[in-house]
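Residue strings, one per chain:
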Amino acid sequence: MKHQHRWTLLIFLTPVLLWLFLLIVLPQIDLFIMSFRTENDAGKMVWSITNYYNFFNEPIYWLTFVRTAVYSILVTFLTFIIALPVAFYITKVVKPKFQGFLTVLLLIPFWVSEMVRVYGWMILLRESGVINHFLIKFGILNHPVEMLYRDSTMMLGLIYTSMLFMVVPLISALESLDDNLIEAAYDLGANMWTILFKIIIPHATPGIVSGSIVVFMLTLGNYLTPNLMGGKNSLWFTEQIYNQFIASFNWNQGSAFGFLLLFLSSFVIWVGLKLSKQTLKKVIQ
Amino acid sequence: MIRSLPNSRAYTSSFKLYMILYFTFLFAPLLVTCILAFNDSQFPSLPWNSFTLEWFTADLPQRVGIFHDQINLDSIWVSMKVAFFVTLLATCVGTCGAFLFEEENFPFKQSLYFLMLAPLVIPGVILGISILMFSTTLGAYFEESWGVDVGLFRPGFWLVVLGQFSFISTLVALVVSARLKKFDRTLEEAAMNLGANRFEVIWHITLKFLRPAIIGAGAVAFLMSFENFNTTLFLVGSQATLPINLYLQVRDGSTPVINAISFLLITGTSILALANLYFSRKKA
Numbered sequence: 129m130k131h132q133h134r135w136t137l138l139i140f141l142t143p144v145l146l147w148l149f150l151l152i153v154l155p156q157i158d159l160f161i162m163s164f165r166t167e168n169d170a171g172k173m174v175w176s177i178t179n180y181y182n183f184f185n186e187p188i189y190w191l192t193f194v195r196t197a198v199y200s201i202l203v204t205f206l207t208f209i210i211a212l213p214v215a216f217y218i219t220k221v222v223k224p225k226f227q228g229f230l231t232v233l234l235l236i237p238f239w240v241s242e243m244v245r246v247y248g249w250m251i252l253l254r255e256s257g258v259i260n261h262f263l264i265k266f267g268i269l270n271h272p273v274e275m276l277y278r279d280s281t282m283m284l285g286l287i288y289t290s291m292l293f294m295v296v297p298l299i300s301a302l303e304s305l306d307d308n309l310i311e312a313a314y315d316l317g318a319n320m321w322t323i324l325f326k327i328i329i330p331h332a333t334p335g336i337v338s339g340s341i342v343v344f345m346l347t348l349g350n351y352l353t354p355n356l357m358g359g360k361n362s363l364w365f366t367e368q369i370y371n372q373f374i375a376s377f378n379w380n381q382g383s384a385f386g387f388l389l390l391f392l393s394s395f396v397i398w399v400g401l402k403l404s405k406q407t408l409k410k411v412i413q
Numbered sequence: 098m099i100r101s102l103p104n105s106r107a108y109t110s111s112f113k114l115y116m117i118l119y120f121t122f123l124f125a126p127l128l129v130t131c132i133l134a135f136n137d138s139q140f141p142s143l144p145w146n147s148f149t150l151e152w153f154t155a156d157l158p159q160r161v162g163i164f165h166d167q168i169n170l171d172s173i174w175v176s177m178k179v180a181f182f183v184t185l186l187a188t189c190v191g192t193c194g195a196f197l198f199e200e201e202n203f204p205f206k207q208s209l210y211f212l213m214l215a216p217l218v219i220p221g222v223i224l225g226i227s228i229l230m231f232s233t234t235l236g237a238y239f240e241e242s243w244g245v246d247v248g249l250f251r252p253g254f255w256l257v258v259l260g261q262f263s264f265i266s267t268l269v270a271l272v273v274s275a276r277l278k279k280f281d282r283t284l285e286e287a288a289m290n291l292g293a294n295r296f297e298v299i300w301h302i303t304l305k306f307l308r309p310a311i312i313g314a315g316a317v318a319f320l321m322s323f324e325n326f327n328t329t330l331f332l333v334g335s336q337a338t339l340p341i342n343l344y345l346q347v348r349d350g351s352t353p354v355i356n357a358i359s360f361l362l363i364t365g366t367s368i369l370a371l372a373n374l375y376f377s378r379k380k381a
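Chains as they are written, first to last, in the working numbering: chain A, 129 to 413; chain B, 98 to 381.
Keep in mind that the hints are not guaranteed to be accurate.
What the hints assert, rightly or not - No farther apart than 30 Å at their CA atoms in a straight line, the calculated lysine-lysine pairs in the DSS-like style are these:
no., chain 1, residue 1, chain 2, residue 2
1, B, Lys206, A, Lys402
2, A, Lys225, B, Lys206
3, B, Lys278, A, Lys402
4, B, Lys178, B, Lys206
To be verified - Per the computed footprint, the stretches of chain B lying under chain A, defined by three or more beta-carbons under 8 Å from a beta-carbon of chain A, are:
no., stretch
5, 114-123
6, 129-138
Claimed, not checked - To give an idea of the chain A side of the interface with chain B (calculated C-beta under 7 Å), a few residues:
no., residue
7, Thr136
8, Leu138
9, Ile209
10, Pro213
11, Val214
12, Leu252
If you are wondering where the hints come from, they were derived from the structure by calculation, not from laboratory data. Glycine is no exception: its CB is placed at the ideal position from the N, C-alpha and C atoms.
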């Protein structure tokens, strides 16, 4: 019995260890080491902090970094503001028979590739796009305006792309909220805002935190949406990483950027968990 | 406030309006993409000229429909192959992970569990570059030490598969774990008492119970792999996957062929998604 048990442990453990060490742990360590290596004048690889020095010394790099961080936090917040009423409507307001249908409807767009979704927005928003066509047709505009390649459209695209990852955890968090609590508060004379801040949001906190973590991480690490919808002005940090790797072929500089991005994402997630008194394990379940 | 309480008319109707706006926001880009796939125009834009299927079927010098567009067809095939192998690997390893963390006990279990969750909080771009670097390091090492050139370590098909597998396995493990938590252990004990060994129990009983979850997780894994962009971007070799290929075309100006591909993708994934939902609902 005991002997058999060891065998199953080994069978389950081996692939998992191989996966986690070969594809996650060792590559991250390699990334970290490479970020401290640089080519000296003689063309040999030496240890140095040049890559990090460059980052802090070139305003374009750290400004992009800060910009990406601030925008990602803003996108996460806006996604939450837009998603909360939707989740509330589906779980608490709409007639129960429509609940399933609306939930399915909500999920469908996110099964489609991000590339297709971004492309759809490009067709809508660009200078020769559908929205401009109608605005001119109805005489609201005289000549088309370029709506793409602005910060606001980039944000719109990022919010759209990450919406699902906020709505779903919010729905499951609100589903477990007992209607009686809201009714009781209402009977005792609480208004809408009191109910929102004293009952709904505290109850939904695990859902809010897990949604925010995923949305923040996905936004921060997104390359496609900022690149296509923000254009040349998007200045997203992942583009700096891409440029270092693919265009300049300076992998050591690129790893330093990559490591900084990883650090930023872990740090913000850690702060978020601490502020909301949650743990990663609880949030993911 | 909620459906069991009296609500003012203004509250109900403004909430309804909000939901209508939200769903318009959600579906507008997809609908427009689909509709413009059938417009008889050289560009994916209005005005509407007339209905045509040429962006699917034509094989003319100025207009090549998707069914004759070899580059795009190739990339769809590459994506299919990648997604197939990712699904296969991720469901196997992810299920092993679920068993490992739900049924086994060993030292450092908590730390390993934490490590398994890590791919969810590491941005895809970072996974991509770190795997690219590591495989290049390994490649260089093999080259120097033994003088062998291992193709696996260069950007290309298998590196894309491994890169996507590295985070999709976590999702499979979480989905299967959730189902395994609901499993009634007395069934396993009963089978053991009747003389089955551990493998027979897992094979005949536990895996049977997990089947819906594994199939569902497999479908999600397939779709996630099929549409992955961020990780793939750094690992891709000469065989571009569909999202990468579409990205290159959209960046350099687009034709309605992309709408035609999008139309096929949208209808295809919607059918797959609805089927998945239908079956998971029937099982539940």
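Structure-based check of all given hints:
1. B:Lys206 x A:Lys402: Within the cut-off at roughly 23 Å; holds.
2. A:Lys225 x B:Lys206: Roughly 43 Å separates the two Cα atoms, so the pair is violated.
3. B:Lys278 x A:Lys402: 28 Å, holds
4. B:Lys178 x B:Lys206: 34 Å, violated
5. 114-123: holds (count 6)
6. 129-138: holds (count 3)
7. Thr136: Since the shortest Cβ distance to chain B is 5 Å, the answer is holds.
8. Leu138: Hint on Leu138 of chain A: violated, closest Cβ of chain B at ~10 Å, above 7 Å.
9. Ile209: 12 Å, violated
10. Pro213: This hint holds: Pro213 of chain A lies near chain B, its Cβ roughly 6 Å from the closest one there, short of 7 Å.
11. Val214: Since the shortest Cβ distance to chain B is 6 Å, the answer is holds.
12. Leu252: 6 Å, holds
Consistency note: the structure conflicts with the earlier hints numbered 2, 4, 8, 9.
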